Amino acid sequence: MPLLEVENLTVTLATNRGPGDAVRNVAFALDRGETLGLVGESGCGKSITALALMSLLPERARIAGSIRLDGRELTTLGEDQLCGLRGDRMAMIFQEPMTSLNPVQTIGRQVAEPLILHKGMTRAAARERALDLLDRVGLPNPAARLDQFPHQLSGGQRQRVMIAMALACDPDLLIADEPTTALDVTIQGQILDLILDLVEERGMALLLISHDLGVIAETTQRMMVMYGGSVVEAGPTAEVFARMAHPYTRGLFAARPKLGPATETPLATIAGVVPELADLPPGCPFANRCPLMIPPCNDGLPPPLPMGPDHISRCIRARELVASA
Amino acid sequence: MSAALVEAERLRKVYALPRERLTAPAPQVVAVDGVSFTLQAGRSLAVVGESGSGKSTLARLVMALEPPTAGRILQSGRDLAALSPGELRRARADFQMVFQDPYGSLDPRRTVGWTIAEPLSALTDAGRAEQRERVAEMLAQVGLRAADAEKYPHEFSGGQRQRIAIARALITRPKLIVADEPVSALDVSVQAQVLNLMRELEARFGVTYLLISHDLAVVNYVAAEIAVMYRGRIVEQAPTRALFDRPAHPYTRALLEAVPKPEPGRTRRRRARAEPAGEIGTGCSFAPRCPFAIDRCRVEAPSLRKLETGHAAACHRAEEVIAG
Numbered sequence: 001m002p003l004l005e006v007e008n009l010t011v012t013l014a015t016n017r018g019p020g021d022a023v024r025n026v027a028f029a030l031d032r033g034e035t036l037g038l039v040g041e042s043g044c045g046k047s048i049t050a051l052a053l054m055s056l057l058p059e060r061a062r063i064a065g066s067i068r069l070d071g072r073e074l075t076t077l078g079e080d081q082l083c084g085l086r087g088d089r090m091a092m093i094f095q096e097p098m099t100s101l102n103p104v105q106t107i108g109r110q111v112a113e114p115l116i117l118h119k120g121m122t123r124a125a126a127r128e129r130a131l132d133l134l135d136r137v138g139l140p141n142p143a144a145r146l147d148q149f150p151h152q153l154s155g156g157q158r159q160r161v162m163i164a165m166a167l168a169c170d171p172d173l174l175i176a177d178e179p180t181t182a183l184d185v186t187i188q189g190q191i192l193d194l195i196l197d198l199v200e201e202r203g204m205a206l207l208l209i210s211h212d213l214g215v216i217a218e219t220t221q222r223m224m225v226m227y228g229g230s231v232v233e234a235g236p237t238a239e240v241f242a243r244m245a246h247p248y249t250r251g252l253f254a255a256r257p258k259l260g261p262a263t264e265t266p267l268a269t270i271a272g273v274v275p276e277l278a279d280l281p282p283g284c285p286f287a288n289r290c291p292l293m294i295p296p297c298n299d300g301l302p303p304p305l306p307m308g309p310d311h312i313s314r315c316i317r318a319r320e321l322v323a324s325a
Numbered sequence: 326m327s328a329a330l331v332e333a334e335r336l337r338k339v340y341a342l343p344r345e346r347l348t349a350p351a352p353q354v355v356a357v358d359g360v361s362f363t364l365q366a367g368r369s370l371a372v373v374g375e376s377g378s379g380k381s382t383l384a385r386l387v388m389a390l391e392p393p394t395a396g397r398i399l400q401s402g403r404d405l406a407a408l409s410p411g412e413l414r415r416a417r418a419d420f421q422m423v424f425q426d427p428y429g430s431l432d433p434r435r436t437v438g439w440t441i442a443e444p445l446s447a448l449t450d451a452g453r454a455e456q457r458e459r460v461a462e463m464l465a466q467v468g469l470r471a472a473d474a475e476k477y478p479h480e481f482s483g484g485q486r487q488r489i490a491i492a493r494a495l496i497t498r499p500k501l502i503v504a505d506e507p508v509s510a511l512d513v514s515v516q517a518q519v520l521n522l523m524r525e526l527e528a529r530f531g532v533t534y535l536l537i538s539h540d541l542a543v544v545n546y547v548a549a550e551i552a553v554m555y556r557g558r559i560v561e562q563a564p565t566r567a568l569f570d571r572p573a574h575p576y577t578r579a580l581l582e583a584v585p586k587p588e589p590g591r592t593r594r595r596r597a598r599a600e601p602a603g604e605i606g607t608g609c610s611f612a613p614r615c616p617f618a619i620d621r622c623r624v625e626a627p628s629l630r631k632l633e634t635g636h637a638a639a640c641h642r643a644e645e646v647i648a649g
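Those protein sequences? They're chains A and B, same order as listed. Heads up: the first sequence begins at 1 in the numbering used here, then just goes up one per residue. Heads up: the second sequence begins at 326 in the numbering used here, then just goes up one per residue.
Hints are computed from structural coordinates only; laboratory data are not their basis. If you're wondering where the values come from, they're calculated on a predicted model, not measured in any experiment. Be careful, since some hints might not be right.
From the derived model, a few chain B residues whose C-beta atoms are all more than 10 Å from chain A [claimed, not checked]:
hint, residue
1, 351
2, 396
3, 445
4, 469
5, 517
6, 542
7, 588
Label pairs and their calculated CB-CB ranges [said to hold, decoys possible]:
hint, chain 1, residue 1, chain 2, residue 2, range
8, B, 566, A, 64, 30 to 40 Å
9, A, 278, B, 365, 42 to 52 Å
10, B, 337, A, 203, 36 to 46 Å
11, B, 429, A, 197, 52 to 62 Å
12, A, 66, B, 429, 48 to 58 Å
13, B, 397, A, 104, 17 to 27 Å
14, B, 429, A, 56, 42 to 52 Å
15, B, 390, A, 56, 36 to 46 Å
16, A, 79, B, 625, 35 to 45 Å
17, B, 645, A, 141, 23 to 33 Å
18, B, 406, A, 143, 38 to 48 Å
19, A, 259, B, 365, 42 to 52 Å
20, A, 80, B, 465, 32 to 42 Å
21, B, 447, A, 303, 34 to 44 Å
All C-beta atoms, glycine included, are put in the ideal place defined by N, C-alpha and C.
Whenever a hint applies, use it, and build me the whole structure from the sequences.
Here it is in structure tokens:
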């Protein structure tokens, strides 16, 4: 049995234009020691998927489908039981190390909090353990940092503190939502190395959310591409990059400016904009921006087509697309 | 020879931090530490560096939004600090800014037309009719419709708002646009549209950019020259091609090597390296992280020195770094 099993997950949010499905029929499984990447642009549903896994959705959100952690259904658990799981069996690293730490509490106290809460440690023991954790995540001079406040640390250092907090109770599942977006590439490299070392060392499962295809390519074993709330392509990371069986995946890839000789040709763009949740079409969500669109694309959400071992694409023209290039 | 568009001479900016003790002097942070550079018209310059390296402070100094603690800035030969407030105001029509956050930098209660026209009404004598005409022209130039002038910012997407911000910056026909992370808040697909637009406008209006960014691939696309900042100083400056082909500072090299590349079957080459403690003393501020550091680096800070035409680096071992 996999550690995490998600089936038919649909999340409906109340937007100011009426209800909209932010996540539509998403299904995946994740085992211990596995790394899964989730790519997409803002509004595609990747962060809402993560929040649904942690049961941290906004109050008026409705959730359908099933999320099982170690066989235990999470969608029907009460808040008390969820509080026992969050920070203990599953933990999350948030996007902004600048705003997700408490500015008026010391670093030591924030890292020790889950230990006192979940493991019943005494303050002294938890502080001792917090020191070990800060040392493990490579924070320089950890003993002095225990009594400092977040504003006294740089962005990279704060993200290390966030990781130490997430790891405090040895979670089975670690969700990292754009953990390095605010950092420069050298610090980004260090943080990703650290997360991967810890995944290997402790056999955690990792769900890594990023908009950066490069980060996903170098860090994860399997990946999913989301657009308009649906997973439009999924498979082993190497297979997805080798085939790119969905026009949106190709569009994302072509649009990034690259290092290397500068060219006179303009960057490839994807025409149009990401649709609003309340306006998602009944058919393929990418259809109105897609260069390959044909009338049947609007008939309904395309079914997942198998493209290779474990590799699917929700594009009715995926085979032509792969054959053409 | 005509004067350079911008000449910065030994700029220094020091901010005071809140006092920690009543008796001790307030601690200070040196955001920009002796930065000099020249920006020639038509040679857009990008300033790259991590957050906290002083690049945004540098942009604010060039825009004369804050006075430098020491040093001076000449724009087309004029010292901005020597101008009277009225003269500075008129001079501002020549240099305009585009900010990072397209949501926070447009007034939500003003129409887009009003926002785009504001630099004209504030800095020039243009009349109403001329303003309307210029707004319509600018909207067309950035790929929006003339009718969009009547709308409010919330009716536009992030990429469209950044186009509006660019239209506002361009309307006074400035020679220089300072763009502070203009695309980092945008999605990849939209980012490409804005970058293409910036390049087109450069060719069409002869505007020169001072581009502030942390993303090397973005600056590669727009800039003719790149300056790399680390802890308040320029550690390397070179034409874009030379910087990418022959990085001469170990920090530039680390930045280039760390860019993740989306290629199948590539996995991270892991470097087990903890972040070192912050004590620098008198030496090079990069020395604690530097694989090339020798004893000399820890006691003597290197100054920016010329290596080849247009290419300078602040590293004692720059020749060896270039050689790899």
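Hint check:
no.	hint	verdict
1	351	holds (15 Å)
2	396	holds (25 Å)
3	445	holds (29 Å)
4	469	holds (13 Å)
5	517	violated (4 Å)
6	542	violated (4 Å)
7	588	violated (6 Å)
8	B:566 with A:64: 30 to 40 Å	violated (54 Å)
9	A:278 with B:365: 42 to 52 Å	holds (50 Å)
10	B:337 with A:203: 36 to 46 Å	violated (51 Å)
11	B:429 with A:197: 52 to 62 Å	violated (37 Å)
12	A:66 with B:429: 48 to 58 Å	violated (40 Å)
13	B:397 with A:104: 17 to 27 Å	violated (41 Å)
14	B:429 with A:56: 42 to 52 Å	violated (26 Å)
15	B:390 with A:56: 36 to 46 Å	holds (39 Å)
16	A:79 with B:625: 35 to 45 Å	violated (60 Å)
17	B:645 with A:141: 23 to 33 Å	holds (31 Å)
18	B:406 with A:143: 38 to 48 Å	holds (46 Å)
19	A:259 with B:365: 42 to 52 Å	violated (24 Å)
20	A:80 with B:465: 32 to 42 Å	violated (59 Å)
21	B:447 with A:303: 34 to 44 Å	violated (57 Å)
Hints 5, 6, 7, 8, 10, 11, 12, 13, 14, 16, 19, 20, 21 from the list above are not met by this structure, while the remaining hints are.
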